[in-house]
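Guided by the hints, dock chain B onto chain A, whose structure is given.
Line by line, the protein sequences are chains A and B. Quick note on numbering: the first sequence equals residues 1 to 344 in full-length UniProt numbering. Quick note on numbering: the second sequence equals residues 1 to 344 in full-length UniProt numbering.
Warning: the hint list may mix true and false statements.
[What the hints assert, rightly or not] Sample of chain A residues lacking proximity to chain B, with all beta carbon distances greater than 10 Å (derived):
no.: 1; residue: K228
no.: 2; residue: L239
no.: 3; residue: V327
[Stated by the list, open to error] Keeping only pairs whose Cα atoms sit at most 30 Å apart, straight-line, the calculated DSS-like set for lysine-lysine is:
no.: 4; chain 1: B; residue 1: K313; chain 2: B; residue 2: K71
no.: 5; chain 1: A; residue 1: K71; chain 2: A; residue 2: K189
no.: 6; chain 1: A; residue 1: K189; chain 2: B; residue 2: K189
no.: 7; chain 1: B; residue 1: K71; chain 2: A; residue 2: K120
no.: 8; chain 1: B; residue 1: K313; chain 2: A; residue 2: K79
no.: 9; chain 1: B; residue 1: K313; chain 2: B; residue 2: K41
no.: 10; chain 1: B; residue 1: K41; chain 2: B; residue 2: K125
no.: 11; chain 1: B; residue 1: K79; chain 2: A; residue 2: K46
no.: 12; chain 1: B; residue 1: K41; chain 2: A; residue 2: K41
no.: 13; chain 1: A; residue 1: K313; chain 2: B; residue 2: K79
no.: 14; chain 1: B; residue 1: K71; chain 2: A; residue 2: K125
no.: 15; chain 1: B; residue 1: K46; chain 2: B; residue 2: K25
no.: 16; chain 1: B; residue 1: K125; chain 2: A; residue 2: K71
no.: 17; chain 1: B; residue 1: K120; chain 2: A; residue 2: K71
no.: 18; chain 1: A; residue 1: K46; chain 2: B; residue 2: K46
no.: 19; chain 1: A; residue 1: K189; chain 2: B; residue 2: K120
Hints are computed from structural coordinates only; laboratory data are not their basis. Glycine included, C-beta positions come from ideal geometry on N, C-alpha and C.
There are 2 protein chains.
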Amino acid sequence: MISTMEQEKQMKQQSSSSNAINLNKPLRCIVKLGGAAITCKNVIEKIHDENLEIASSQLRQAMNSTSSSDKVISMDWSKRSGVSEVSPSLDDFADSSLLDSSNFIVVHGAGSFGHFQASKSGVHKGGLHLPLVMAGFVATRISVTSLNLEIVRALAREGIPSIGMSPFACGWSTCERNIASADIFQVAKAINSGFVPVLHGDAVLDNLQGCTILSGDVIIRHLAELLKPEYVVFLTDVLGVYDRPPTDSNAVLLREIAVDEDGSWSIVKPEIGNMNKKVEITVAAHDTTGGMLTKISEAAMIAKLGIDVYIVKAATDHSLRALKGEVKDNIPDDWLGTVIRSAR
Amino acid sequence: MISTMEQEKQMKQQSSSSNAINLNKPLRCIVKLGGAAITCKNVIEKIHDENLEIASSQLRQAMNSTSSSDKVISMDWSKRSGVSEVSPSLDDFADSSLLDSSNFIVVHGAGSFGHFQASKSGVHKGGLHLPLVMAGFVATRISVTSLNLEIVRALAREGIPSIGMSPFACGWSTCERNIASADIFQVAKAINSGFVPVLHGDAVLDNLQGCTILSGDVIIRHLAELLKPEYVVFLTDVLGVYDRPPTDSNAVLLREIAVDEDGSWSIVKPEIGNMNKKVEITVAAHDTTGGMLTKISEAAMIAKLGIDVYIVKAATDHSLRALKGEVKDNIPDDWLGTVIRSAR
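This is chain A alone, in the form it adopts within the complex:
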């Protein structure tokens, strides 16, 4: 067990050192588009169009905060069912300030895409030699890449130069479900060329168990470790992290969580003397990658690096402010969401 972890650590170091990862300008933000926020959780393979559209628009506003131009020029020139054809005018592209955006990476979850296929076949448990698992692997990738394509398109319609980069195709693989290799170099190259890479939770090969599901949250932690963004935003379907399931009417929104060196966390705000500091979490039954539990522990590991993490409800004024970085130095009183940061 330890030797495997050591091995993984070595591979990680290798992958980060052999390709010097130099970004032309610092990475401002990694954004997680939570599966629960951008898909309709209980309807198989249905995108929450309204949330996705607002989230894409907010991303554009956050990226171009310095730009004076309000003009939105779509980069999706493909046909869409039910929409008249997009034929861009060459004149629209005369204004070169359109490209003056800061560096972002988008990672999205699967929501109601992929989960049915993955859980029916047990892709996360491995066993690629079994026909059912092999078929489930193929079916899962079809489902999650079709979501990826739609998200890339939604971002491109907002004029964001989005580029789909599927983790399996990029050479991401795991060893006992931890990341064993990942072509960060290619992600960095895309960013340096001015693109916004769009990654996603994916079915990947696993050195030990054959295959598994690599969650978007684990991808974000790995990217954050190597590319050091200023901050990370998780867009989700609730206001933030609560002290108990948010469906409970007594649930209290945790405004600020501090993460210690050893990875343990404590609640800074709200200050409640006798409050049970252990955060209760709910894990949805269909969520093969761990749900809120994975999210918080991955967020804590990012915060330990000194990178602020904001967990906030998608398509709200709060998410726009988080994406713009307005929460960075002090948390405004009228801002609703959870900040997870290092206790140092």
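This is chain B only, laid out in the frame that chain A set:
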């Protein structure tokens, strides 16, 4: 100029030597699904469903020629518009011989996907710093990856464990439009895990001009050089290569072309004494990657390696026989198509 080519050569050697490319079993065939065969050339972003379905079915038959099972179990479990939902039965996957297929790689062209976006913006000419080119790059990738997804799905519906591997995401890039880097290791890993990688012509980064279009034909030549398939099949929309445009009523189908060491070709069959041996070719105006000219010269370079190339009309009995390898040792009289092989 020479130094750049040397540099490229070095990079190629590096990429092929640093990751030892070992396939568990030999690669049987690389198949090109020609854009003209699987899309409706003159209708933007329209797939030729019938051809794609037949081509996928023929691929399954060719891959499983040793298998006794005729059962086709779909690996596409996603929703499709106009089709009732696919819900696989777990019992279907009890027969493990389903996976006993030989190694194939599929590469497809763009046809009526991507060309409009690429030519409108001039992606093939480079200049990623220009807003129009940047937008065209994003738009082109959206279009070609949406075609890739549909082809992966069509293959998966035939029970082929197809995996989309987009060249841009896989780290393929060019230098003066020649391949500068390519993650063949990842393709080999997918094959060794039992998958059929599905690559495609794509918009990629170019070290010198910023970006360009990497054609599926160039990808095939590169894969053939490094992975040494038994044979390569180009599925297209005409019977093969003609001595003049096939629309000309006097056009003669060339049955066999021999390629010399120096890359020049001569017509072996039909034996026509005074026939003009220079093959006339037509290049469609919208084809940013060179059409038949690129195809023949790439095919000639593959044949020079000692690998037979068959150019054949998709969705015919001739294509099925070519895919199965029946043309390999001698060309049957009733087989229509063009064989390009080394003169040695």
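Taking the hints in turn, this is what the structure says about them:
With a minimum CB-CB distance of about 22 Å to chain B, A/K228 clears the 10 Å threshold, and the non-interface call stands. Once the 10 Å rule is applied to beta carbons, A/L239 is consistent with being away from chain B; the minimum gap is 31 Å. Its beta-carbon lying about 30 Å from the closest one in chain B, A/V327 satisfies the requirement of being farther than 10 Å from that chain. Our distance criterion of 30 Å between C-alpha atoms is met by B/K313 and B/K71, whose separation comes to about 26 Å.
In summary, the hint linking A/K71 to A/K189 is supported, as the alpha carbons are separated by about 27 Å, within the 30 Å threshold. Between the alpha carbons of A/K189 and B/K189 the distance comes to roughly 23 Å, so the proposed pair stays at or under 30 Å and holds. Distance check on the hinted pair: B/K71 and A/K120 sit about 21 Å apart at the alpha-carbon level, within 30 Å; holds. At most 30 Å may separate the alpha-carbon atoms for a hinted pair to count; B/K313 and A/K79 meet this at roughly 28 Å.
At roughly 15 Å between alpha-carbon atoms, B/K313 and B/K41 fall within 30 Å of each other, so this suggested pair holds. A threshold of 30 Å between alpha carbons decides the hint, and for B/K41 with B/K125 the separation of about 23 Å falls inside it, so the pair holds. At most 30 Å may separate the alpha-carbon atoms for a hinted pair to count; B/K79 and A/K46 meet this at roughly 10 Å. Between B/K41 and A/K41 the CA atoms are separated by roughly 38 Å; this puts the pair beyond 30 Å, and the hint is violated.
Between A/K313 and B/K79, the direct Cα distance comes to roughly 28 Å. Compliance with the 30 Å bound is thereby established for this hinted pair. The straight-line distance between the Cα atoms of B/K71 and A/K125 is roughly 26 Å, inside the 30 Å bound, and the hint therefore holds. With a C-alpha separation of about 36 Å, the suggested pair B/K46 and B/K25 falls outside the 30 Å cut-off, and the hint is violated. The straight-line distance between the Cα atoms of B/K125 and A/K71 is roughly 26 Å, inside the 30 Å bound, and the hint therefore holds.
Our distance criterion of 30 Å between C-alpha atoms is met by B/K120 and A/K71, whose separation comes to about 21 Å. Among the hinted pairs, A/K46 with B/K46 is consistent with the structure: their alpha-carbon atoms are about 23 Å apart, no more than 30 Å. A C-alpha spacing of about 25 Å is found between A/K189 and B/K120, which places the hinted pair at or below 30 Å, so the restraint holds.
Hints 12, 15 from the list above are not met by this structure, while the remaining hints are.
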